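Protein sequences, first through last, are from chains A and B. Quick note, the first sequence lines up with residues 1 to 343 if you use this note's numbering. Quick note, the second sequence lines up with residues 1 to 343 if you use this note's numbering.
Since the hints were derived computationally from the structure, they do not count as laboratory data. Worth double-checking, as some hints may not be accurate.
No distinction is drawn between identical chains; accordingly, a pair holds when it is met within one copy or between any pair of copies.
Cross-link-like lysine-lysine pairs, in silico, DSBU-like; alpha carbons within 30 Å at most [as the list claims (entries may be wrong)]:
no.: 1; residue 1: 75; residue 2: 343
no.: 2; residue 1: 4; residue 2: 75
no.: 3; residue 1: 170; residue 2: 44
no.: 4; residue 1: 148; residue 2: 196
Predicted, not measured: the structure shown is a model, and the values here were computed from it.
The lines below spell out each chain.
There are 2 protein chains.
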Amino acid sequence: MKLKNLGEYGLVNEITGWLQASLRKPVRDKTVIVPPGDDAAVIKSPKRPLIFTTDMLFEDMHFCLSWAGAAGGRKAFFEALGYKSLAVNLSDLSSMGAKPAPIYCLIGVGLPESIEVEDVRSLYRGLNKFCNKYNITIIGGDTNASQKLTIAITLVGIAGSHTTRRSGAKPGDKIYLSGPLGDSAAGLHVLLNPVKPRSKHFSRFLSTLRIRKNLIRKHFYPPVRIKEAQSIAKQASSMIDCSDGLVNSINLICEMSKTGAAINLDLIPVSPGLKQYSRLASVNPMDVALYGGEDYELIFTSKKPLSGFKSLGTIENKNKGIKYYLNDKETKIKKEKLYQHFK
Amino acid sequence: MKLKNLGEYGLVNEITGWLQASLRKPVRDKTVIVPPGDDAAVIKSPKRPLIFTTDMLFEDMHFCLSWAGAAGGRKAFFEALGYKSLAVNLSDLSSMGAKPAPIYCLIGVGLPESIEVEDVRSLYRGLNKFCNKYNITIIGGDTNASQKLTIAITLVGIAGSHTTRRSGAKPGDKIYLSGPLGDSAAGLHVLLNPVKPRSKHFSRFLSTLRIRKNLIRKHFYPPVRIKEAQSIAKQASSMIDCSDGLVNSINLICEMSKTGAAINLDLIPVSPGLKQYSRLASVNPMDVALYGGEDYELIFTSKKPLSGFKSLGTIENKNKGIKYYLNDKETKIKKEKLYQHFK
Numbered sequence: 001m002k003l004k005n006l007g008e009y010g011l012v013n014e015i016t017g018w019l020q021a022s023l024r025k026p027v028r029d030k031t032v033i034v035p036p037g038d039d040a041a042v043i044k045s046p047k048r049p050l051i052f053t054t055d056m057l058f059e060d061m062h063f064c065l066s067w068a069g070a071a072g073g074r075k076a077f078f079e080a081l082g083y084k085s086l087a088v089n090l091s092d093l094s095s096m097g098a099k100p101a102p103i104y105c106l107i108g109v110g111l112p113e114s115i116e117v118e119d120v121r122s123l124y125r126g127l128n129k130f131c132n133k134y135n136i137t138i139i140g141g142d143t144n145a146s147q148k149l150t151i152a153i154t155l156v157g158i159a160g161s162h163t164t165r166r167s168g169a170k171p172g173d174k175i176y177l178s179g180p181l182g183d184s185a186a187g188l189h190v191l192l193n194p195v196k197p198r199s200k201h202f203s204r205f206l207s208t209l210r211i212r213k214n215l216i217r218k219h220f221y222p223p224v225r226i227k228e229a230q231s232i233a234k235q236a237s238s239m240i241d242c243s244d245g246l247v248n249s250i251n252l253i254c255e256m257s258k259t260g261a262a263i264n265l266d267l268i269p270v271s272p273g274l275k276q277y278s279r280l281a282s283v284n285p286m287d288v289a290l291y292g293g294e295d296y297e298l299i300f301t302s303k304k305p306l307s308g309f310k311s312l313g314t315i316e317n318k319n320k321g322i323k324y325y326l327n328d329k330e331t332k333i334k335k336e337k338l339y340q341h342f343k
Numbered sequence: 001m002k003l004k005n006l007g008e009y010g011l012v013n014e015i016t017g018w019l020q021a022s023l024r025k026p027v028r029d030k031t032v033i034v035p036p037g038d039d040a041a042v043i044k045s046p047k048r049p050l051i052f053t054t055d056m057l058f059e060d061m062h063f064c065l066s067w068a069g070a071a072g073g074r075k076a077f078f079e080a081l082g083y084k085s086l087a088v089n090l091s092d093l094s095s096m097g098a099k100p101a102p103i104y105c106l107i108g109v110g111l112p113e114s115i116e117v118e119d120v121r122s123l124y125r126g127l128n129k130f131c132n133k134y135n136i137t138i139i140g141g142d143t144n145a146s147q148k149l150t151i152a153i154t155l156v157g158i159a160g161s162h163t164t165r166r167s168g169a170k171p172g173d174k175i176y177l178s179g180p181l182g183d184s185a186a187g188l189h190v191l192l193n194p195v196k197p198r199s200k201h202f203s204r205f206l207s208t209l210r211i212r213k214n215l216i217r218k219h220f221y222p223p224v225r226i227k228e229a230q231s232i233a234k235q236a237s238s239m240i241d242c243s244d245g246l247v248n249s250i251n252l253i254c255e256m257s258k259t260g261a262a263i264n265l266d267l268i269p270v271s272p273g274l275k276q277y278s279r280l281a282s283v284n285p286m287d288v289a290l291y292g293g294e295d296y297e298l299i300f301t302s303k304k305p306l307s308g309f310k311s312l313g314t315i316e317n318k319n320k321g322i323k324y325y326l327n328d329k330e331t332k333i334k335k336e337k338l339y340q341h342f343k
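Please take these sequences and the hints and turn them into a complete structure.
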C-alpha cells in the first residue's frame with residue numbers, strides 16, 4: 001500500500017500499533033508512563049519521571065535553502081533554522097507540562113555538499129542561542145554527509161508535577177488557546193512568495209517590508225510556552241501544541257479523548273500583522289489561522305475557566321462530531337487544506 | 001570553507017568546540033559527566049548516571065534500496081535495516097560500559113514516496129526484533145516525508161559501574177579487540193558487487209553463495225558486545241566501537257588519550273569467511289579488516305592482561321606516533337582508504 005493512501009496520521013496509528021508488541025511485556029510496561037502516540041513520552045525514574053521527544057526537519061519538506069535571501073541572508077537563515085529546530089522539539093515537551101530545567105539535547109545533522117562550514121557554524125549559533133534562552137544543554141550528536149540537509153533532535157527533560165496528555169478532554173470542558181494563530185503560516189507564505197522591490201512600487205514595498213519581516217520572524221522564532229504550560233497543566237484536562245494547525249490539533253485531541261467538539265471560529269485570535277498581510281497578499285486570514293500550523297501555541301481543555309485565556313469552544317460528546325461555527329452558522333472544514341505528510 | 005576541506009573528524013572537532021560555549025556555565029557543567037566527543041554522553045541522575053547516544057542512517061550514504069535483491073528481497077532488506085540501525089546505536093552505549101537494561105529508544109524516520117506501508121512494517125519488525133533481543137523499549141518517535149529514506153535513532157540507558165571513555169589510554173597499555181574485523185565491509189562489497197548466476201559458472205556460484213550470504217548477514221546483523229563490555233569496562237583504560245575501521249578507531253583513541261601506538265597487523269583476527277571471500281573477489285583481506293569498518297567490535301586498552309582477548313599492539317608515547325607493523329616491518333597506512341564523511 002502507498003503511504004499517501006494511509007496518510008501521516010494513519011501511518012502513525014499503524015506504527016503505534018506495531019510498537020505495542022514491544023511494550024506488551026509487563027516488566028517494560030510498568031516503567032512507561034506515556035507510550036508512543038502523544039507529544040512526548042514519559043518514563044519512570046528514581047526521583048521524577050523523565051520526558052522525551054524527537055523531531056526531524058528535512059530540507060525541501062520543512063524548509064528550503066532558497067529561503068535564505070528572504071530570511072535575511074545565509075547567516076541569518078541558518079541561525080534561524082537552528083533556533084527553530086530546537087523550538088519545535090521543546091514545544092512538544094512543554095505541551096506535556098515538562099519542567100523548564102534541566103533539559104538535555106542530542107543533535108543529529110545530515111549535511112549535503114552545498115553546505116559550507118560557515119553555514120554549520122551559523123546553524124550551531126542558532127542552536128546555542130536557543131539553548132541559552134531555555135537553559136538547555138547539548139550533550140551529544142551525530143554528523144553525517146547526506147543528500148539533503150537534515151536536522152534530527154532529541155530532547156530529554158523532567159516531567160512536571162502534572163503530565164497533560166492529548167487524551168484527557170471530557171464533554172463540557174472549554175477549549176483554550178495560548179496565543180494567536182496563523183502568523184507562522186503567513187511567514188511561510190512570504191518565504192514562498194518573495195516580493196522583489198520594483199522602482200514603480202518601491203515606497204509601497206518599503207512600507208510593507210516590516211510586516212513581512214515580522215511574519216518570517218514568527219515562522220523561524222516561534223514562542224515556546226514552557227513556563228505558561230506549567231501553570232496550565234495543573235488545571236488542563238488535555239493539551240497539545242499547535243504544530244499542524246488548529247483543525248489537525250482539535251482532531252487529535254478529540255480522537256484520543258473519544259469526544260466531539262464545537263469551535264467558534266470568530267473567537268480564534270489573529271494578530272494585527274496577519275490581518276494586514278492577508279489584505280496585502282489576498283489570502284483569507286481565517287484559512288491561514290485554521291490550516292496553517294507551526295505556531296506552536298498550546299491548545300488545551302479545562303473544566304474550570306482559566307484566567308487570562310479566552311475560550312474558543314467546548315468539548316462535546318463523541319456522537320456530536322467536531323463542528324465549526326462562524327457567525328453562529330455551522331461552516332465546513334476544507335479537508336484538502338489539512339496538512340499531513342505523505343498526502 | 002567546504003566541508004570536504006575540513007573532513008568529518010575536523011568538523012566534529014569544530015562542533016565540539018562550539019558546544020563548549022553551551023557547557024561553560026558552571027551549573028550545567030556539573031551535571032554533564034561525559035560531554036560531546038565520545039561514543040555516548042553521560043549525565044548525572046539521582047541514582048545512576050544516564051547515558052545517551054544518537055545516530056542517523058541515510059539512504060545512498062549508509063545503505064541503498066537497490067541492495068534489496070542481494071539482501072534476500074525487500075522484506076528481508078527492510079527488516080535487516082531496522083535491526084542494524086538499532087545495533088549501531090547500542091554499540092555506542094556498550095562501548096562506554098552501559099548497563100544492558102533498561103534501555104529506551106526514540107525512532108525518527110523520513111520516508112520517500114518509493115517506500116510502501118509494507119516496507120515500513122518490515123523496518124519496524126526489524127527494530128522490534130532487536131528490541132526484544134536486547135530488552136529495549138521504543139518509547140517515541142517521529143514520522144516525516146523526505147526525499148531519501150532516513151532513520152534517526154536515540155538511545156538512553158543507565159551507565160554501568162565503570163564508564164570507559166576514548167581518552168584514558170596510557171603508554172604501556174595493551175590494545176585488544178573483541179572479535180574479528182572485516183566481515184561487515186566484505187558484506188558491503190558483496191552488496192555493491194552482486195554476482196548474477198550464469199549457467200556456465202552456476203555450480204561455482206552455488207558453492208560460494210553461502211559465503212556471500214554470511215558476509216551480508218554480518219553487515220546487517222553486527223554483534224553488539226554490551227554484556228562483554230560490562231566486564232571489560234572494569235579493567236579497560238579506554239574503549240571505542242570499531243564503526244569506522246581499525247585505523248580510524250586507533251587514531252581517535254590516541255588523539256583523545258594524547259598517545260601513540262604500535263599495532264601488529266599479523267595479530268588482527270580475520271574470519272575464515274573473509275579469507276575465502278577475499279580469494280573469490282580478489283580483494284586484500286587485511287585492507288578490508290583495516291579500513292572497512294562497521295564491524296562494531298570493541299577496541300579497548302588495558303594495563304593488565306585481559307583473559308580471553310589477544311593483544312594486537314601497545315599504546316606508546318605520543319612522540320612515537322602511531323605505527324603499524326607487518327612481519328616485523330613497519331608498513332604505511334593508506335590514508336586515502338580511511339573512511340570519513342564529506343571526503
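Using 30 Å as the alpha carbon limit, work out where residue 75 and residue 343 are close: within a copy, between copies, both or neither. Close across copies (24 Å), not inside one copy (32 Å); limit 30 Å.
Measure nothing new, just compare the shortest in-copy and cross-copy C-alpha distances for residue 148 and residue 196 to 30 Å and report within, between, both or neither. Within one copy only: 27 Å inside, 33 Å across.
At most 30 Å between alpha carbons: which applies to residue 170 and residue 44, within, between, both or neither? within (26 Å within a copy, 39 Å between copies)
Is it within, between, both or neither when you check residue 4 against residue 75 at 30 Å Cα-Cα? This pair counts as between: shortest inter-copy Cα distance 20 Å, intra-copy 36 Å.
The earlier numbered hints are all upheld by this structure, with none contradicted.
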